[in-house]
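Student: Starting from the known structure of chain A, arrange chain B on it as the hints suggest.
So the protein sequences, as listed, match chains A and B.
Oh and the first sequence: position 75 is 75 in this note's numbering, straight run, nothing missing.
Oh and the second sequence: position 89 is 89 in this note's numbering, straight run, nothing missing.
Read the hints as simulated data drawn from the structure, not as lab findings.
Each residue gets a CB set at the ideal place from its N, CA and C atoms; glycine is no exception.
Certain hints may be false.
[To be verified] Label-pair distances were calculated between CB atoms; the ranges are:
hint : chain 1 : residue 1 : chain 2 : residue 2 : range
1    : B       : Ala114    : A       : Lys66     : 43 to 53 Å
2    : A       : Ser89     : B       : Pro7      : 21 to 31 Å
3    : A       : Thr117    : B       : Leu82     : 31 to 41 Å
4    : A       : Glu59     : B       : Ser28     : 17 to 27 Å
5    : A       : Glu59     : B       : Ser60     : 27 to 37 Å
6    : B       : Tyr61     : A       : Glu22     : 27 to 37 Å
7    : A       : Gly53     : B       : Asn12     : 41 to 51 Å
8    : B       : Pro40     : A       : Ile12     : 39 to 49 Å
9    : B       : Leu82     : A       : Val3      : 18 to 28 Å
10   : A       : Ser18     : B       : Gly29     : 39 to 49 Å
11   : B       : Pro7      : A       : Phe39     : 15 to 25 Å
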Amino acid sequence: GAVVSQHPSWVICKSGTSVKIECRSLDFQATTMFWYRQFPKQSLMLMATSNEGSKATYEQGVEKDKFLINHASLTLSTLTVTSAHPEDSSFYICSASVGQGFSYNSPLHFGNGTRLTVT
Amino acid sequence: AQSVAQPEDQVNVAEGNPLTVKCTYSVSGNPYLFWYVQYPNRGLQFLLKYITGDNLVKGSYGFEAEFNKSQTSFHLKKPSALVSDSALYFCAVRDNTGGFKTIFGAGTRLFVKA
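The following block holds chain A by itself, in its conformation from the complex (with noise of 0.2 Å):
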């Protein structure tokens, strides 16, 4: 159980385009999600916190209107970069922990994960 799909896997796209990334959790209903970017041989870098029905709290030095993030549903968040350049090429990963509300003991389940390159 605890299945979180992300999609898609990888995704090149030309630069000043935009790209909407999917996180569904399949089995369980995620009121908070979590988008994170991975630099190469880095650790993760939490970009914004997904809350279903309101808007998503960003990070600080995290563009809002360059990463607009959507939690439509308890199962779907989307991630979309706008105008995307170069420098946005990044492995993006979402995640989210079982159940309604939040509980710290709680574990996060992650997507295997979204490749970007902009060329």
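Tutor: Then chain B, alone, in the frame of chain A:
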């Protein structure tokens, strides 16, 4: 502020030998600690967690971790390493100040040699 340190970029161990991946943390209040593993081009998988109780926590795939409050450490261990354990390991601490964030260490790459 909460923080996690993994002092080793890489750990090399021979198959069959015990392994240890180190983690130290800094939190205000009670720590909520986690270990995750990441295989190439994949998301992270949960291994184990410490919330309260016994200092030795057992998790998936034969891994365990020892919580040491006085040393603020949460080292990951396995008695006998397998080649298939080779991966990137992350220690993490849950922000318990109300933000629900999980803060990850820099990661330690484990190489198990046959």
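Student: Is 17 to 27 Å respected by the C-beta to C-beta distance linking Glu59 of chain A and Ser28 of chain B?
Tutor: holds, 19 Å
Student: For Thr117 of chain A and Leu82 of chain B, compare the CB-CB distance with the range 31 to 41 Å and indicate the outcome.
Tutor: About 33 Å separates the Cβ atoms of Thr117 of chain A and Leu82 of chain B, which means 31 to 41 Å holds.
Student: Is the hinted range of 21 to 31 Å satisfied by the C-beta distance from Ser89 of chain A to Pro7 of chain B?
Tutor: holds, 29 Å
Student: Using the C-beta atoms of Pro40 of chain B and Ile12 of chain A, is the stated range 39 to 49 Å upheld?
Tutor: For Pro40 of chain B and Ile12 of chain A the Cβ distance comes to about 19 Å; the hint is violated.
Student: Taking the CB of Glu59 of chain A and the CB of Ser60 of chain B, does the distance hold inside 27 to 37 Å?
Tutor: Holds, at about 29 Å.
Student: May I ask you to test the hint 39 to 49 Å on the CB atoms belonging to Ser18 of chain A and Gly29 of chain B?
Tutor: holds, 41 Å
Student: Take the C-beta atom of Leu82 of chain B and the C-beta atom of Val3 of chain A, compute their distance, and say whether it sits inside 18 to 28 Å.
Tutor: holds, 25 Å
Student: Is it true that the C-beta distance of Tyr61 of chain B to Glu22 of chain A lies inside 27 to 37 Å, as the hint says?
Tutor: holds, 29 Å
Student: Given a hinted range of 43 to 53 Å, is it respected by the beta-carbon distance of Ala114 of chain B and Lys66 of chain A?
Tutor: For Ala114 of chain B and Lys66 of chain A the Cβ distance comes to about 45 Å; the hint holds.
Student: Per the hint of 41 to 51 Å, is the separation of the Cβ atoms of Gly53 of chain A and Asn12 of chain B within bounds?
Tutor: With Cβ atoms ~48 Å apart, the hint holds.
Student: Given a hinted range of 15 to 25 Å, is it respected by the beta-carbon distance of Pro7 of chain B and Phe39 of chain A?
Tutor: Because 20 Å falls inside the window, the suggested range holds.
Hint 8 from the list above is the single one not met by this structure.
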